Amino acid sequence: MTVTVIGGGVLGLCIATELTGRGIPVAIRDDAPGPQACSWWAGGMLAPWCEAENADEAVLRHGLSAADWWQDQGVPVTRNGTLVVSLSRDAGALSRFARRSGGHQTLDAPGIAALEPDLAGRFSRALFFTDEAHLAPREALAILSGRLGRTDATTGTVIDCRGLSARDALRDLRGVRGEMVVIRCPEITLSRPVRLLHPRMPLYVVPRGDGVFMLGATMLESDRRGPATARAVLELLSAAFALHPAFAEAEVLELGADARPAFPDNLPRIRRVGGVIHANGLYRHGFLLAPAVARMVADHLQHQTRPEFMDADND
Amino acid sequence: MPVFYGSEIDSALMLGTAGYPSPKILADAFARSGAGIATVSLRREGGGGQDFWALIQSLGVRLLPNTAGCHSVREAVTTAHMAREVFATDWIKLEVIGHADTLQPDVFGLVEAARILAADGFKVFPYCTEDLTVCERLLDAGCQVLMPWGAPIGSGLGLNNPHGLRALRAAFPDVPLVVDAGIGLPSHAAAAMEMGYDAVLLNSAVARAGDPAAMAGAMADAIRAGRAAYLADPMERTDMAIPSTPVIGRAFL
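One line per chain: the protein sequences are A and B, in this order.
Its first residue numbered 1, the first sequence is counted upward by one per residue in the numbering used here.
Its first residue numbered 1, the second sequence is counted upward by one per residue in the numbering used here.
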C-alpha cells in the first residue's frame, strides 16, 4: 500500500507521520507548511480540559493523549499546564468555567504569584489546569514536514486533508474565522498559556519564549480569510492590557487571520467518498485532535476499523 | 399568538442565534424551543458568513435580521439594507447602541433610524428602553412593534423595571410588545408574559446555558405558562389573608 496525503496542514502531516511510523509509505502533496495552512496561525495549546468547558466530551477524551503524541515525534512540548483567570467583576465566569471543565485546582493570590510571578497581585483567584501543555505550531509543522516526502502525483490510497478547500467534496463544511496577534513584550514572563475569561473578549496568551507571545483568538461565523480587522485587534490587545498593563508597551510583530474548517457539531469527520478518505473539520482543535484523528485514519487503513469520527463509508 | 405587521407567529418565543457551542446545538435548541422567529446578526461577520446563514435559514423559522453592534444611525441603516438583500425580508430588528459597556440603546439615534427605515418600507422592530415618550416617538416614526429591554443585553438580570414595563403595557394596549434582552431564567420570561407582553426575545440565557436545548425547552414552557396565566385573568393582590374556605357557620365540636 502506498498513500498520498493531499494537504500539508497539521492534520495531513500528522496522518502522514502516523502512517510512516507504521511502515506505510506516504507522500505529501502540498507545499511546505506556511501561511496558506490555517494551522500556521494556531495557538498550539494542548488544553483538552479547558476546551471541555464549551466543547463536546469527545474533544476531552481524544485530546488527552495529544501532548504525548507530539513529544513522541520529537516536537518540543512544554508541560506547564494552563492558568485561567477573570477580572474581579467577571468572577461568575470563573466559577462557571470551573463547573463546566475539570482537571483543575483553584489557586488563591499567593498561589498565582508562586506560579506566575508577573501576575502577582493582579488576580485573587485562578484555575490551574495542571496536566495541560503547549507547543509552537510552526516549529511542530516544520519538524513533521521535514521528515516527509513530497509528490506532485496522486497515487495509491488518497487521503484528502485540504481543510476548508475540500468544500467541493464536503458540503457541510464551513469556515469559522479566527484572528491572532503576535507581540514581543520582554517585560513580562509567563511560563504557560494564560486564559482571560471575559464575556465579550475572551483571550488566551501563549508564551513563545524570548518575550514573544501569541494572542488569540477570535471566533466568527465567517469563512473570510482576509486580514485581521481593527475590531479584532482592538479587542485582543485590550484584553491583553487588562491581563497586564505592561502589554501596552509590547511591539506588534504580526497580525494574522484565517478560517478554521468545521462541521455543524464542531467535531472532526473521517469520510470515505468515492475511493478518497477525507479527514477534516478540526475546528479550533487542530493540534489537540490531529494525533487522535491520525491514529483513527491509520487504524482504518490497516485494520478496516470504522473509527468514531467516521460518518460515511460508501466504498 | 403574537401578530407582527399582520403575520401571526405560532410561538411567543423569539430566539437569537449567537454564541452557541456549535450550530448543531443551536439547531437542537431551536427544535426544543418551538421558537417561531430567529434573530440573526449581519454586523460582525463583515462578509463570508453565508455558510452560517444557510444553517440559520435551514431552521425553518421566520428570520428577523438585526443590526447588532451598530453604534450610529448610518451604520444601522446600511446594515438593515444589507440584511434585506441577504435574507430577503423587510423585517429588521433595529439596534442602535449608545453605550459600549451597558449596550444601552441610543434612543435618539433609534428614533431617527426607525423613521428612515420605515419610510423605506422596512417593518421595524426597535430594541428600546421602557420609556413611554421614546416608545411614543417610535410609534410616530412608523414602528408597529416595540421591544423594550428587561435588562442590559446578555446580563441575565431579568426585568429591572417591572413597573415601567407594566406602565408601557397599559399605555399601549394594542401595540405588540416584546421584552427583548436581559432574560436569564424562565421565571423572568414568565413574568413578562404574565404582564401581558406578546412575546419574549432571548439569546444568551439559552446559548450560554450548560445544556442549551434543555434551557430552550424550559423557556418555552415558562412562556406558555405566563401567557396562559395572563389570559386566565390572575387574582388581585391583597395585603390581608383571605381564607379559601368560609369560617362562619362552622360546626362547634
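Derived from the structure by calculation, the hints contain no laboratory data.
Bear in mind that the values here come from a model prediction, so they are computed numbers and not experimental data.
By construction, the Cβ of each residue, glycine as well, lies at the ideal position given by its N, Cα and C atoms.
Worth double-checking, as some hints may not be accurate.
Claimed, not checked - Between beta-carbon pairs, the in silico distance windows are:
#1 Gly69/B x Glu57/A: 31 to 39 Å
#2 Pro245/A x Ser72/B: 46 to 54 Å
#3 Val273/A x Asp90/B: 52 to 60 Å
#4 Ala230/A x Phe108/B: 21 to 29 Å
#5 Glu85/B x Pro186/A: 33 to 41 Å
#6 Pro307/A x Gly69/B: 37 to 45 Å
#7 Ile242/B x Glu57/A: 37 to 45 Å
#8 Gly19/B x Thr154/A: 22 to 30 Å
#9 Asp108/A x His163/B: 41 to 49 Å
#10 Gly102/A x Gly121/B: 47 to 55 Å
#11 Val3/B x Asp90/A: 15 to 23 Å
#12 Val252/A x Asp101/B: 24 to 32 Å
Here is how each hint holds up against the structure:
1. Gly69/B x Glu57/A: 31 to 39 Å: With a Cβ separation near 33 Å, Gly69/B and Glu57/A satisfy 31 to 39 Å, so the hint holds.
2. Pro245/A x Ser72/B: 46 to 54 Å: This hint is violated: roughly 30 Å between Cβ atoms.
3. Val273/A x Asp90/B: 52 to 60 Å: At 41 Å between Cβs, range violated.
4. Ala230/A x Phe108/B: 21 to 29 Å: 26 Å, holds
5. Glu85/B x Pro186/A: 33 to 41 Å: Because 49 Å falls outside the window, the suggested range is violated.
6. Pro307/A x Gly69/B: 37 to 45 Å: Check passed, 41 Å falls within 37 to 45 Å.
7. Ile242/B x Glu57/A: 37 to 45 Å: 53 Å, violated
8. Gly19/B x Thr154/A: 22 to 30 Å: 41 Å, violated
9. Asp108/A x His163/B: 41 to 49 Å: At roughly 43 Å between Cβ atoms, His163/B and Asp108/A fall inside 41 to 49 Å, so the hint holds.
10. Gly102/A x Gly121/B: 47 to 55 Å: 53 Å, holds
11. Val3/B x Asp90/A: 15 to 23 Å: 40 Å, violated
12. Val252/A x Asp101/B: 24 to 32 Å: Hint holds: Cβ distance 26 Å, inside 24 to 32 Å.
Against the hints set out earlier in the document, violations occur for numbers 2, 3, 5, 7, 8, 11.
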